[in-house]
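Chains as they are written, first to last, in this note's numbering: chain W, 1 to 113; chain G, 1 to 114.
Keep in mind that the hints were calculated from the coordinates and are not lab data. Positions of the beta carbon are idealized from the N, C-alpha and C atoms, including for glycine. Hints may contain errors.
[Stated by the list, open to error] The following residues of chain W were derived to be distant from chain G, with all beta-carbon distances above 10 Å:
no.: 1; residue: A2
no.: 2; residue: T7
no.: 3; residue: N28
no.: 4; residue: N62
no.: 5; residue: E73
no.: 6; residue: S75
no.: 7; residue: R77
no.: 8; residue: A82
no.: 9; residue: S94
[Stated by the list, open to error] For each label pair, taking beta carbons as the anchor points, the in silico distance ranges come out as:
no.: 10; chain 1: G; residue 1: Q111; chain 2: W; residue 2: T7; range: 29 to 35 Å
no.: 11; chain 1: W; residue 1: S80; chain 2: G; residue 2: T26; range: 31 to 37 Å
no.: 12; chain 1: G; residue 1: E15; chain 2: W; residue 2: A82; range: 41 to 47 Å
no.: 13; chain 1: W; residue 1: S80; chain 2: G; residue 2: S3; range: 30 to 36 Å
no.: 14; chain 1: G; residue 1: R67; chain 2: W; residue 2: T20; range: 42 to 48 Å
no.: 15; chain 1: W; residue 1: E79; chain 2: G; residue 2: T71; range: 36 to 42 Å
no.: 16; chain 1: W; residue 1: N65; chain 2: G; residue 2: P114; range: 44 to 50 Å
no.: 17; chain 1: G; residue 1: N22; chain 2: W; residue 2: N70; range: 16 to 22 Å
no.: 18; chain 1: G; residue 1: Y30; chain 2: W; residue 2: R44; range: 20 to 26 Å
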Amino acid sequence: NAGVTQTPKFQVLKTGQSMTLQCAQDMNHNSMYWYRQDPGMGLRLIYYSASEGTTDKGEVPNGYNVSRLNKREFSLRLESAAPSQTSVYFCASSAGTSGYEQYFGPGTRLTVT
Amino acid sequence: GNSVTQMEGPVTLSEEAFLTINCTYTATGYPSLFWYVQYPGEGLQLLLKATKADDKGSNKGFEATYRKETTSFHLEKGSVQVSDSAVYFCALSGSSSNTGKLIFGQGTTLQVKP
Numbered sequence: 001n002a003g004v005t006q007t008p009k010f011q012v013l014k015t016g017q018s019m020t021l022q023c024a025q026d027m028n029h030n031s032m033y034w035y036r037q038d039p040g041m042g043l044r045l046i047y048y049s050a051s052e053g054t055t056d057k058g059e060v061p062n063g064y065n066v067s068r069l070n071k072r073e074f075s076l077r078l079e080s081a082a083p084s085q086t087s088v089y090f091c092a093s094s095a096g097t098s099g100y101e102q103y104f105g106p107g108t109r110l111t112v113t
Numbered sequence: 001g002n003s004v005t006q007m008e009g010p011v012t013l014s015e016e017a018f019l020t021i022n023c024t025y026t027a028t029g030y031p032s033l034f035w036y037v038q039y040p041g042e043g044l045q046l047l048l049k050a051t052k053a054d055d056k057g058s059n060k061g062f063e064a065t066y067r068k069e070t071t072s073f074h075l076e077k078g079s080v081q082v083s084d085s086a087v088y089f090c091a092l093s094g095s096s097s098n099t100g101k102l103i104f105g106q107g108t109t110l111q112v113k114p
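With the hints as extra help, turn the sequences into a complete structure.
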């Protein structure tokens, strides 16, 4: 059982370049999330999709866009990368909303130079 | 708004010592509370959860009790092992939310020495 998978695991970008982080889950979960993790700040929500066909902004959405491609896949796009977006990015999914635990992918470590 | 505050780390203990990591929260209504663990180089894993007041979550020797009167969800383990070295995150999911968004504390690093 793969759970939540993310690609790539590592990426180095130059300022201004674009890229898409891919996330897929095989647990038939309705809700999916993108977080970033920075030292001393815990995880902060970038965007989420409560159900297929819907997406909403989280705490730190600026500079990002998302696509809920289908129930399984939720991608995060950086249109013009900036050094402030250097971080570790985690995708997560959950069966529902209130009270349900989230399952996390292994993360993507992104460095923007 | 909702928030979670954890004790600052790092916490350094000897093997077999007693562990407490404090977590307090601010939220309206009756949130669900979680502890997640992150081992080096890995994603977060759910350690335990509690969904209503006075519930006790437990897993792998770790325990935490949902205390609404003190708005706390402290993590405890009676005897830690070197393999418990990791970063621990307290989190809540608001009861009034229909999105399932998690609010995380800043994380507490635990280092257990042999």
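* Could you check the structure against the hints above and give me the numbers of any it violates, in ascending order? => Hints 9, 17 not satisfied by this model.
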